[in-house]
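Participant: First to last, the sequence lines map onto chains G and C. Residue numbers for the first sequence follow the numbering used here, so the first one is 586 and each next one is one higher. Residue numbers for the second sequence follow the numbering used here, so the first one is 612 and each next one is one higher.
Accuracy of the hints is not assured; some may be wrong.
Unchecked claim - Restricting the straight-line Cα-Cα distance to at most 16 Å, the calculated cross-link-like pairs of lysine to aspartate or glutamate (EDC-like) are:
| hint | chain 1 | residue 1 | chain 2 | residue 2 |
| --- | --- | --- | --- | --- |
| 1 | C | K618 | C | E944 |
| 2 | G | K710 | C | E964 |
| 3 | C | K618 | C | D921 |
| 4 | G | K716 | C | E964 |
| 5 | G | K716 | C | E1250 |
Keep in mind that the hints were calculated from the coordinates and are not lab data.
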Amino acid sequence: MEHLGLSLALFGAALAAALAGIGSAIGIGVAGGAAAGVMTEDPNKFGSCLILQALPGTQGIYGLLIAFFVLNKLGLLGGGGAVALTWNQGLQILASCLPIAVVGWYSAIWQGKTSAASIQMISKKPEAMGKAIILPAMVETYAVLALLTSILMLMGVQVG
Amino acid sequence: MGVARLKKAELYYHKSVHEQVAAALQETGACQIISTSEENHRPPADVDALISGIDEKLADVRYLTRTLTPHYVDPVPALDRMLGDRPDVTMSELQELASTTDLKAVCDKTRAVEHETGEVRLKLSEARLNTSILSSLEFFPYPLSVITEGTKTLTGLIGTLKPGSVSGLKAALGDLSKYAQDSELIIAPYDEKNAQEVYAALIYSRSIEAEIKEVCAKNGLSFVEVPASFTGTADEEKEKFTGAVSELEAKEAQLAAKMSELAEQNVPTVQKLSDYYNSLATRYNGTAMSEETDSVMLTKFWLPAEKSDDIRQKIEAISPEIELTLNDPAADEEPPSLLNNGDMVRPFNILTELYSSPKYRGIDPTPLLAPFFWIFFGMCLGDAGYAIVVFGTILYVFRKYKKISLGVKDFITLFLFCSVSTFIYGVISGSFFGNFIDSFVPVLIPLKNSLMLVDPMTNPMQVLGISLLLGVIHLMFGLLIAAYDKIRHGEFIDAVGNDISWFLLIVGLCLFGVGLGGMIPPHFVQVGQAMAVLGAVIIFVYAGKGEPNWFKKIINGFLALYGSTSYLGDILSYSRLLALGFGSAVIGMVINLLGGLAADIPYVGWLVAIVVIIGGHIFSIAINILGSFVHPLRLQYVEFFGKFYTGGGEPFTPLTLSQEFVNVKA
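Chain G on its own, in the form it takes in the complex (with noise of 0.2 Å):
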């Protein structure tokens, strides 16, 4: 049982890192799919697609960025050995770990749906790309809160 502390918080990066890149790639697949569609027909606007196709892939690098947050508090990265952790410590970064897996998973599948929409808007109106990336950023903005919630937890639990 001495290990429970490590496993625990390990579980939580393991959640931060996979959940939240799981939905990024569902995003970025989703908004692909219609970039690939639009590109059939007009080559010309792969920068732009790109561009809305990328939007949903920021949860997954929220998501890998907590995981590194708790894999250097817990002293695995750079050979110096972990640290000791108690099992309640374990489980108070495995909490802090997931506001950015879940809403980075969730957020992720919907700002890939509306990056889609939001590509098919500039097929018919190129001029409207500002518009068309604002749509999507505004369902980010809560992978941005949880992000920071999760940052803020993180640095509030004390371990070692």
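Fit chain C to the given chain G structure using the hints.
Facilitator: Only chain C this time, still in chain G's reference frame:
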């Protein structure tokens, strides 16, 4: 600054000079023709004739562009082209080019090659199909004429069946059946495990044709149509087509080479002519809005007031029989809006235009949002190293490409400006390629630390506080602009009730809260309290205005105060400034960490580390610039514009020369 003042021009001129006048209006690049409001407006006959001539040429140019461009290898890379690396030509040079180029001849040549290519492709696909049919008929040992023509007594058929049905067919028609005397069954060799279908051929006496066909159908044989032209053995026939296929393929390649040659010879010219004829089309579609009498034409257009003298000179130089009258827009007219900002603000115009241009008599929000966007972008990207990379890249681009078009140049300049704020915030938050200094150059740590004013890594609450404070300032600024705009239009009560009241309430609450926290002298607490109460009372009273029922008045008042939750949401939205700045710093940190880990690999470690660090930071710059552009923009559009700006103006679109492929000068 702000929206440029426009004049409405009415230009009367003699028909004989209408071409010169149209050219002059287009050359100035500052005249927007006013579309006629008449429903059945007929363009002046002279202009109409010109337009139909140009339309014909444009059809040719479009056909050539569409057909030849896919075969054209542009010697100039697309990025260079976008940054202005393309030929400079004048309209008179283009006119000369147009008169010496026989577009019709080029079109005819291209059409001929296109047509021939189509025919060759058709033949080729036919030949390929026949070869594949013949390959499957190779098992048939006799000339195919037995099947396609037959002899006096014999004929035959070819078909396919499932491997499972082969034994049944053999039993019904093979050596042991009653048809054995009058028929011969040939089964093509097949792979018993994997074959999907099996070819079978039958030769039989004409006298039993009907019976044989019935037996075949019963045993699941579906007949294959053999083209009547096949008379020799399958191999002989195939040889003919193999020869034809390679001949046709050579022909196709030859035609493709011809097309490439045509493209190479003509595309540069066609592109120039495309810009030429498109310029002319825009020009005369503009003057097509004119009204005419027997000998005089009248064209109406908007022009910026400050350019009116230049334009008057230019037009009056054409002929003495020209009358130009300039008037201020009437109160019921809605002129287009042209943003007129100095060099420092102009690059930010695009942010306003992406949302919606202001109305002619509205406020231009560009100079108001510019400083905030500049700061917010800096906080989101927030890395001195990244700022240096962006700054250096842009300077290099400006040095290398001298002919960048104004729109593209302004957009790049926006990032040049923002790289400065990024550098400043990177220095005061101690971020240089993430934690590059801490990881790899410890010598510089004291220098870095001495310049640091905030430390988001160890004290994020401090930066969160700064972000929210900037948010409050941004929002309150928006409210004051809204109030100013209302007072300007004489709506004093609305300004106080809608905007000033909220300003008092929120600023008061902030002073109160900060004062209680002991960060400012205590008497500010009372000032804050008084402001907040005053603001709340005004909001409460204003919401019930015009409502006779006292009960409803009170309900409305409370509902309005409940609106303060939306301000809470707006302010918290600025926490993204911390989160995104933090994000880019941590991604940088992760890249340095991975680079450091890679450096431990024996022998090649340093190389891997360099690749990881350089590649990683380039990725990080790209992804973070996108985020740092989009999120501050959202703060402008949703939080800031939500307080005072709706846009809704028509952007000013003057007659200009078409510059799709080349830099056309007047």
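Participant: Are the hints correct? Go through all of them and say.
Facilitator: Outcome of the hint check:
no.	hint	verdict
1	C/K618 x C/E944	holds (11 Å)
2	G/K710 x C/E964	holds (15 Å)
3	C/K618 x C/D921	holds (13 Å)
4	G/K716 x C/E964	holds (10 Å)
5	G/K716 x C/E1250	holds (15 Å)
In this structure, every one of the numbered hints holds.
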